[in-house]
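Chemist: What follows is each chain in one-letter form.
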Amino acid sequence: MPVLAFLILFPFAIAFILFFLKKDSKGRSFVVISGGLAELAGSVLFAADNLMNHDMEMGTYYLKETHMTDMFIAALELCLMLLVIFLSVKYKKYYVILLSALGTLPVLYMDISGAAETTASHFKVDHLTLIMVLVVGVVGSLICIYAVGYIRDYHHHHTEFTDRSGYFLSLLFVFLGAMMGLISSDNLMWMYFFWEITSVCSFLLIGYSRTAEAVNNSFRALWMNLLGGCGFMAAIVFCIYVMEITNISQLLLFTTMPVLAIFPVAMLSFAALTKSAQMPFSRWLLGAMVAPTPTSALLHSATMVKAGVYLLLRLSPVMYETYVGTMVTAIGGFTFFAASLLAITVSDGKKVLAYSTISNLGLITAAAGCGMAEAVWAGIMLLIFHAVTKSMMFMSVGAYENSTGSRDVEDMHGMIVRYPKLAFVMTIGIFGMSVVPMGMCVAKWAALKAFIDTGNIYLILFLCFGSASTLFYWIKWLGKIFSVSKGSKRHEDTVHGSEWVAIYPLSAIAVILCLVYPFISRFSVTPYIQNAFSGSLNRLVSAATADSLLGSTDNIVAISTEDFVIMGVMLICMCILPLAMKYVNSVQERRVMSYMSGFNTGDDRSFYDSFGNERGQYLSNWYMNDIFGEKKILAACLMITAAFLVVMMGICTMGGLFL
Amino acid sequence: MTMIGMIAVIIYLVISPLIACLISGVDRVVTARMQGRKGPKLMQPWYDIVKLFAKEATSVNDMQKILVMAHCFFAIFSGAVFFAGGDILLVLFALTMAEVFLVLAAYSVNAAYSELGAQRELLQMMAYEPMTLLTAVGFYLSTGSFKVEDIIKTDIPLIIKMPGFFIGFCFILVIKMRKSPFDLATSHHAHQEVIKGLTGDLSGPVYGFSELAELYEEVLMLGIVGLFFVTSDPLSLAGAAAAIIIVMFCMSLTDNIFPRVKWEGMLKAAWIVTFFAGGANLVVLSLLNR
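Chain order of the listed sequences is A and B. The opening residue of the first sequence carries number 1228 in my numbering; numbering runs sequentially from there. The opening residue of the second sequence carries number 27 in my numbering; numbering runs sequentially from there.
Just so you know, the hints here were simulated from the structure itself, not pulled from any lab data. Incorrect hints may have been included.
[Unchecked claim] Result set (DSS-like, lysine-lysine): computed pairs, CA atoms no more than 30 Å apart in a straight line: (1) A:Lys1253 - A:Lys1320; (2) B:Lys202 - B:Lys67; (3) A:Lys1317 - A:Lys1249; (4) A:Lys1859 - B:Lys288; (5) A:Lys1250 - A:Lys1317; (6) A:Lys1713 - B:Lys81; (7) B:Lys77 - A:Lys1809; (8) B:Lys294 - A:Lys1578; (9) A:Lys1676 - B:Lys202; (10) A:Lys1648 - A:Lys1578; (11) B:Lys64 - B:Lys81; (12) B:Lys288 - A:Lys1858; (13) B:Lys179 - A:Lys1676; (14) B:Lys294 - A:Lys1676; (15) A:Lys1320 - A:Lys1578; (16) A:Lys1858 - B:Lys64; (17) B:Lys294 - B:Lys202; (18) A:Lys1859 - B:Lys294; (19) B:Lys64 - B:Lys77; (20) B:Lys81 - A:Lys1809.
[Unchecked claim] Not the full set, but computed from the structure, chain A residues with beta-carbon under 7 Å of chain B: (21) Ile1684; (22) Ala1695; (23) Asp1790; (24) Asp1831; (25) Ser1833; (26) Tyr1835; (27) Leu1846.
Where a beta carbon is used, it is the ideal one built from N, C-alpha and C, also for glycine.
Generate the whole structure from the sequences, applying the supplied hints.
Modeler: Okay, here's the thing in structure tokens:
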């Protein structure tokens, strides 16, 4: 318990200190870096200790008697609501007040009336929690450390914004603490509390620069997440008053009258879909791009959006062959495909990353909705790889922006010569997201296998088409980095030490993970799945299906050892490429100009046009806006998913409430 | 890896270039005859590639050569995994990886035609990848394994269970074999720079490596075609060879009938065929498996 309390409360303490350290100073940097490292170390120790010393079979439970804390939390929830109301009035966005009140007041009532009193444990730590603790603790803390150097440069370049960097760093830590609380809570009320903190926190972070655009986008993020929060609240009310339970683990094992569970599961899934920015709620995530990069990195890789898919993965066992499962898989699969097409059409580096995030989360969502062991395995693996790879991509794009003033993919032309260190990291990141010996693709491969075994035909199609377009947008980005104009020189980057401290370890982890994921699977993912699926199988599914579901858990690693070895060989071959390059070029060959039909003016930067005048060459990537541009397909995608979501939620509500 | 697998890999490594040259030689002659020409010598492709390696090595930058060599390595590697009886999905993924390196090599020279070619190649990959992946899924659904060594143990030719996949695969094979559309990144119809842009900046031995990779890739593709026909009966190998010859002939024919298909048409057509032919077959197979 003490370590868990440390993991949750320590970031809040650091945040409190940082809130008062308004000016950039050595002392403040020290607080952030040591705080981040302590949190990182704490999470690693916590995971190691639990894995080695505790019997993790059914999870470890903490904290039963919490009357005083409950009151304290109720007070904090009220504060959150008042804060939202204050800001809504200030910026004249009155509709948000309604959503906030709707989400908070019933919960406050339940707290005060004592309806939510329970003797069940408030925290539960099992293998999935440990994985999440590691993801949040390692990736999240490194992002906080990265923010120190980043925000200094940010204000150096953007003198038009008031420097509120202390407040900014403080919010990042609040986020970290809230995430830790969210993933270890078993009590729904507590989970909801942390859930709301992340919603409000992301709102504040997105609106950091206070420009009109930032304010608008932050309120969009807020109303979408508060809407999801209302769904969460509805689930809690139903659980407490109808089912008389307070905890997620009780919901998963609710055998008295299984049909009752449909409504809360549907509502929780709805909340998770908003949080994970699945279509039709994808727009808040794109809007979040106006915020400073550490915000995007934190929101998109390790925390915020991962809270949504975490909840879905938890609920996965009860979604098997239910309408809720159908809803979640269909929305996830469609989002994966549509967002990967949209990613082709944008050139802003962060926007590409945003669409790619939405797309990958879609795949995790789809995997969770299947409700089968294999699919959940793929989902968890995707989650881990995505957190690591995406955060380093965000950080390197942010560092590039601070060095050059642009984060447009078109401006990354020839980056490999101009900024070799950043280009190297980005290359690892892009390979990590798109080709096979690297993590994401391996997990995707597992997902494909899972979808085939569950017989989800439309998911197979979505996955095949979606991965084809995924490859397209990543590799054309990588191509830009590799495309070198003659005579380019190396530039000095302005990346701070604290930024490298975050970027290098993450790139190393991204590569190492590809070699050690079988161990992660063996010691944490597989045990989690075995427990989760054996525990909840006595509901909704027949005995025969239960057998077939569990039958595959023994051999859960979808990738055979032989394939793993072959991929290891491929990975090694890729790693020695830079060395091989030196060897291949040791014999100096004749250098020729690149081919421009013989009209080069002496190098590859310009050519003679038909009038004999010298003209500069400008090479641009394809964006195919006329085929799948945002203007063409985004509105249609949002409408389709919104209509589908309304219909499916309607069915689940009707079925859950009146059957 | 089994003994047979080992032998198959060695045979693949040694004679693939020759076989591929022979096939494309025959193809050129047949195409020429269809158009009322005499055509080149039968082994002309072989002479071409041998000559390339004898030429002076030049390059545009430091990265070009190693990237093309990596392309060649991974192309051969993926074929080796296939003939060793490995996982067909892994084969396809390794092949994708190989293509990525060629695209990067083209990007690295920073020239208009190369970059245009690189992006066309990427688009092409986007057009055919769904179908190749679906084909692998089809093999899995009909035999219960992704491994080539298990797939060939089937009792009946898989074409019977997977006609839709076969049609779809042949459709994208036209792209993979550099046949149609005529403005492909690496089309064999070198009318102008736009078309051969992808390899436009490669010369001498470096170009030789990319050609060599293409030969191995061709054999791999035809191997996958053969997979639709091979059964546990050794005699079926002859049937598979016959099928490959027919497929190749049909491909020359298609190429001659549709000489003016462009990439926009390719993307749409490939995805539509994949969706309907592959998708329909997928539905039927998974219903059968229930």
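Chemist: Does the structure break any of the earlier hints, and which numbers would those be?
Modeler: 1, 16, 25 and 26
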